[in-house]
Amino acid sequence: MKAAPFCYHAARSVGEIVSLLETRDSSTVLLAGGQAVIPALNRRLCTPSLVVDIANVAELTIADRAQDHVVLGACVTSSAVEDASVPDGTRGILACVAARSGPRTVRCHATIGGSLCLGDSVSDWIVGLSALDAVAEATSACGTRSIAVSDIGRSRTSAVASDELLVSIRIPDIAAGSWWGTWDLRRSAGARPDIAAAVLADARDASFRCAVAVAGRALIVLAYRDPPEDLRKVMGSGAPPSTEAMLDIVNDELAAAGEERATARLIAAALGRAAASAIRV
Amino acid sequence: MTVLAGSTAIGASVSRKEDLPLMMGHSKFVGDIAIPGMREVAFLRSPIPSGIVRRLDVPATDRPHVILASDLVELAPMKVDCLIEGFNAAFCRILSGADVSYAGEPVAAAVAPTRARAEDIVARIALDLEGRDPALDITTALSPGRRVVHAGWTDNFHARKTIGSPFTLPDEHREVTVRRQLRTSRQCAAPLECRGILATWDERSSQLVVYLSTQAPHVMRTALSEMLGLAERKIRVVAPAVGGGFGYKGVVLPEEILVCWLAVVRKGTYRWLQDRHENLITSANCREYACDLTAYADKSGRIYGIEGTTLADGGAYSAYPYTACLEGLQLGGLISGPYDISAYCVHAGAVATNKPPAMPFRGTARPGACYATELLIDATARAVGREPWEVRLDNLVSAEQMPYTNVTGKHFDSGDYRKCLMRAVELVEPARIRARQATDVDSATRRGVGFAFYCEHAAYGAAAFISLGLPISPGYETCHVRLLPDGGLEIRTGIQSHGQGLETTLAQVAHTILGVPLDEITVLHGDTAESPYSPGTFGSRCMVVVGGAVANACHDLARRVTAIGAHLLQRAAAETRIVDGQVVGGTASIPLRRIADAFYRRPYELPQDLHPASLDVVGSYRPDPESGTFSYGCHAAVVAVDIDTGAVQIESYVIVSDAGVLINPMIVEGQIHGGLAQGLGSALYEEALVTLSGQPGTFWDYVLPGAAEMPKTTLEHMVTPSPYTSFGQKGMGEGATIPAAAAVANAVNDALAALGIEICQVPVTPARIRAAVAGRGA
Numbered sequence: 033m034k035a036a037p038f039c040y041h042a043a044r045s046v047g048e049i050v051s052l053l054e055t056r057d058s059s060t061v062l063l064a065g066g067q068a069v070i071p072a073l074n075r076r077l078c079t080p081s082l083v084v085d086i087a088n089v090a091e092l093t094i095a096d097r098a099q100d101h102v103v104l105g106a107c108v109t110s111s112a113v114e115d116a117s118v119p120d121g122t123r124g125i126l127a128c129v130a131a132r133s134g135p136r137t138v139r140c141h142a143t144i145g146g147s148l149c150l151g152d153s154v155s156d157w158i159v160g161l162s163a164l165d166a167v168a169e170a171t172s173a174c175g176t177r178s179i180a181v182s183d184i185g186r187s188r189t190s191a192v193a194s195d196e197l198l199v200s201i202r203i204p205d206i207a208a209g210s211w212w213g214t215w216d217l218r219r220s221a222g223a224r225p226d227i228a229a230a231v232l233a234d235a236r237d238a239s240f241r242c243a244v245a246v247a248g249r250a251l252i253v254l255a256y257r258d259p260p261e262d263l264r265k266v267m268g269s270g271a272p273p274s275t276e277a278m279l280d281i282v283n284d285e286l287a288a289a290g291e292e293r294a295t296a297r298l299i300a301a302a303l304g305r306a307a308a309s310a311i312r313v
Numbered sequence: 005m006t007v008l009a010g011s012t013a014i015g016a017s018v019s020r021k022e023d024l025p026l027m028m029g030h031s032k033f034v035g036d037i038a039i040p041g042m043r044e045v046a047f048l049r050s051p052i053p054s055g056i057v058r059r060l061d062v063p064a065t066d067r068p069h070v071i072l073a074s075d076l077v078e079l080a081p082m083k084v085d086c087l088i089e090g091f092n093a094a095f096c097r098i099l100s101g102a103d104v105s106y107a108g109e110p111v112a113a114a115v116a117p118t119r120a121r122a123e124d125i126v127a128r129i130a131l132d133l134e135g136r137d138p139a140l141d142i143t144t145a146l147s148p149g150r151r152v153v154h155a156g157w158t159d160n161f162h163a164r165k166t167i168g169s170p171f172t173l174p175d176e177h178r179e180v181t182v183r184r185q186l187r188t189s190r191q192c193a194a195p196l197e198c199r200g201i202l203a204t205w206d207e208r209s210s211q212l213v214v215y216l217s218t219q220a221p222h223v224m225r226t227a228l229s230e231m232l233g234l235a236e237r238k239i240r241v242v243a244p245a246v247g248g249g250f251g252y253k254g255v256v257l258p259e260e261i262l263v264c265w266l267a268v269v270r271k272g273t274y275r276w277l278q279d280r281h282e283n284l285i286t287s288a289n290c291r292e293y294a295c296d297l298t299a300y301a302d303k304s305g306r307i308y309g310i311e312g313t314t315l316a317d318g319g320a321y322s323a324y325p326y327t328a329c330l331e332g333l334q335l336g337g338l339i340s341g342p343y344d345i346s347a348y349c350v351h352a353g354a355v356a357t358n359k360p361p362a363m364p365f366r367g368t369a370r371p372g373a374c375y376a377t378e379l380l381i382d383a384t385a386r387a388v389g390r391e392p393w394e395v396r397l398d399n400l401v402s403a404e405q406m407p408y409t410n411v412t413g414k415h416f417d418s419g420d421y422r423k424c425l426m427r428a429v430e431l432v433e434p435a436r437i438r439a440r441q442a443t444d445v446d447s448a449t450r451r452g453v454g455f456a457f458y459c460e461h462a463a464y465g466a467a468a469f470i471s472l473g474l475p476i477s478p479g480y481e482t483c484h485v486r487l488l489p490d491g492g493l494e495i496r497t498g499i500q501s502h503g504q505g506l507e508t509t510l511a512q513v514a515h516t517i518l519g520v521p522l523d524e525i526t527v528l529h530g531d532t533a534e535s536p537y538s539p540g541t542f543g544s545r546c547m548v549v550v551g552g553a554v555a556n557a558c559h560d561l562a563r564r565v566t567a568i569g570a571h572l573l574q575r576a577a578a579e580t581r582i583v584d585g586q587v588v589g590g591t592a593s594i595p596l597r598r599i600a601d602a603f604y605r606r607p608y609e610l611p612q613d614l615h616p617a618s619l620d621v622v623g624s625y626r627p628d629p630e631s632g633t634f635s636y637g638c639h640a641a642v643v644a645v646d647i648d649t650g651a652v653q654i655e656s657y658v659i660v661s662d663a664g665v666l667i668n669p670m671i672v673e674g675q676i677h678g679g680l681a682q683g684l685g686s687a688l689y690e691e692a693l694v695t696l697s698g699q700p701g702t703f704w705d706y707v708l709p710g711a712a713e714m715p716k717t718t719l720e721h722m723v724t725p726s727p728y729t730s731f732g733q734k735g736m737g738e739g740a741t742i743p744a745a746a747a748v749a750n751a752v753n754d755a756l757a758a759l760g761i762e763i764c765q766v767p768v769t770p771a772r773i774r775a776a777v778a779g780r781g782a
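Chains as they are written, first to last, in the working numbering: chain Y, 33 to 313; chain Z, 5 to 782.
Hints were generated in silico from the structure; no laboratory data involved. The reader is advised that the hints may include incorrect statements.
[Said to hold, decoys possible] Some chain Z residues near chain Y, calculated using beta-carbon distances under 10 Å:
hint, residue
1, 46
2, 709
3, 710
4, 770
[Said to hold, decoys possible] Below, in silico cross-link-like pairs of lysine-lysine (DSS-like), each with a Cα-Cα straight-line distance of 30 Å or less:
hint, chain 1, residue 1, chain 2, residue 2
5, Z, 32, Z, 238
6, Z, 83, Z, 271
7, Y, 34, Z, 271
8, Z, 83, Z, 303
9, Z, 423, Z, 303
10, Y, 34, Z, 303
[Unchecked claim] If you want the footprint, here are the derived chain Z segments under chain Y, 3+ residues with CB under 8 Å:
hint, region
11, 121-135
12, 550-562
13, 645-655
In this text the structure is predicted, and so the values were computed from the model without any measurement. Note that CB positions come from ideal geometry on N, CA and C, so glycine has one too.
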């Protein structure tokens, strides 16, 4: 199929985009990497009157190094991160997340901000950046605010309002000696994960932060200032613990999140495998 | 066969002649062809699976650019005959005007200078449908009191047939009874290139010229002639580069008839390029089966009888030319597989549902039949407490029994099935897996080994077609072979090569006989104006029948050039022979180029009594007997199953294959690897789901395997020449697709056997495994 007729506008600044969003009607669509929008246009799942191309706005492609974090513009592509074309304070973790975020042909175009705005809780960027405790910055005519990436995963799209532009993502640096593990279950290498998990053991304060999502369900984040000893032992062990053992560790949090037994088992299994596969960075 | 180093003859792994333009992007597909003034066609499709058209309004300004069913009064539905008694006729309509029978059925068409503008017109058509309760699966369609899919039918069977007859076995042959209900999921044939057609009216030749992504250009011409009421000589079908077919491009789609009708009626040029979504949801459906089968065996697992039912979801209509019977009825006759089974009674049915018509896809019916048979074998082995491979070994037809006519009348031409199985067993070492299983009892990762044996009926003739109710069948296959004045060779064939490497393998046949260098041989195909009639490329037939025709033509040509060469060498014809592209007599020789030059340009050098037959030879071949060839093989998979997540990892995969004499082993291995990939799609990935309201899915949830999903594979060949073919070759293009799902499913079940779990549906998805594990209370 081919897209229905629309007007195309290449935006030049964040201010211009915000103005357009303020006055937008429901048929204005922002186009960044196009990996979701263009197929939707072609299948006429959306038929906007105006498509605003934001991919080449300088403010949206920044890559700034700060004292304890990196700020990446929302339109930085996965391949730019993967290829170390932008600063990475996570000791390579960010590049690993980028490298998993779809086939290379997609990664060359897909942007981090675009992935977050899609709000698919199992996306590599949402799970990975949630475990890294990254924060997105969104702006609108009403001002600028911070949104935890994990809140985007939890709310599944509604975290970013329709009149807001996701401008950048702030990713905290990771200390040497931290542990990072991921695991996902995909039907095929290029398919969307059925379930995805990421676990970070932060060497700065010995805290643990886990993010896990099952397709179609909200993201779950488990943060431990004082992680259970059993979980600590699993990190990087190479041998996933039994699902029952992992359930003992995380069951209360999952029950509080309202997860059913079968889903809780699957989440526990994913976390156990992510933790067991962790590597020291 | 011993192949000399540097040889390009039969048996040599010659690089494919056709690959360079494909790799360089120089090939031209239908989508690459454009003619000035061309109009693109887009279709309005039914959004629901069953309903009555209550309103179909086209804006007045768009009406000249829209075609409705009411505009096509002279076009009848795509009727195809079927000889099966009780066959319910429901043939694809070009456009549906009064009601719809599946989601995606074409209701109207729009034409415009671009596809986008055509789709704009489609978007402006108002279609109101009153929904009816659809029959979306086999069980629902056959439930008592269910509304029939088509008015006038008394039930929802396209056709039914009993293969074999009721039997009674002695008690010692039915000591063990094993019954299984097995299901395969609906799949979609997904060639890299979707369907595509460009039809133009050529005033100079007064012909309809059709560029079509097809694997059977001559059959398509016949079909177009019948449906458009246009003489065949008024139609030329050209298949340009075709990006995969798998059987799906051997059928005619209503969209293609409409595009041709436009070109004829409006004397213009029209093109329809099926997009990926249309390919997925509207026309490439297949392989959805439900089998309920019982095997009767003795205590050792020796099986004496099989009975039960096999049902195939045929969708709403019978596709041209094969009807719903091809898949539905063929399935029922294949359950005895490669085994020596004496009693057989299977009731086969092709069931009508409110889904797109089922169409052939690589191995048509055989992957599903093999899946059913091989799971039944493993279940029998578990019932008698033996290794599945041991039970297979005891039941396989032996080499001493060859040639062997099985219980459903299929004539196995040659082979040593048991030796093939045992070689696979040697390579897999099941004892090693058993030892590993013993240490894995408390682990979340369970390993299993699964075997599947298959034989592939290929290049079959009239009897097989008639048994499926098809009144037409392939007969003589013809080719033209022409020696050119410069000594080069042209081979013209009516088949279409769309990935099989036939431009190379047919050239190897000619080279073997005439010695003309491979790079001086051109194989032309895919154009009805330039080739003899052919049923086309399907059923793994080409290397047997077209290879035979090329061989016959080349032998005839060899006789003619030898006669001239002998004269030019001043030798008796009996003293001469062809060696390396030259006619040799004693110590003298003369190249074919020189002979061709004499024939075409220096007739005064020719003998006065030369037979006037030219160096342009027509050769034909019809297999004798027409029972076909049976290549065969054993696949074995070792899998690791994560019982907590349902993830399946294929750790190793073994294939032992016997396709007779291999014309080009490298191409055969390519076919095997490609077939395996599609078989693994059936095993683990591909499932075309529809929602409860009959809505089809997208490639978001329809998972196709890619290179990353291919396991490390060990491949070995056995060579048992067929006694019935020109060089001992056997058709093999579909073979590796057939057993893969069974091998993997058996391996998964082997891994889960200790938990008391047996999964009888493919694909074996993580969700199915998790559900099965949860179901046992783990």
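Structure-based check of each hint:
no.	hint	in the structure
1	46	holds (8 Å)
2	709	holds (6 Å)
3	710	holds (6 Å)
4	770	holds (6 Å)
5	32/Z to 238/Z	holds (24 Å)
6	83/Z to 271/Z	holds (25 Å)
7	34/Y to 271/Z	holds (26 Å)
8	83/Z to 303/Z	violated (51 Å)
9	423/Z to 303/Z	holds (24 Å)
10	34/Y to 303/Z	violated (63 Å)
11	121-135	holds (count 3)
12	550-562	violated (count 0)
13	645-655	holds (count 5)
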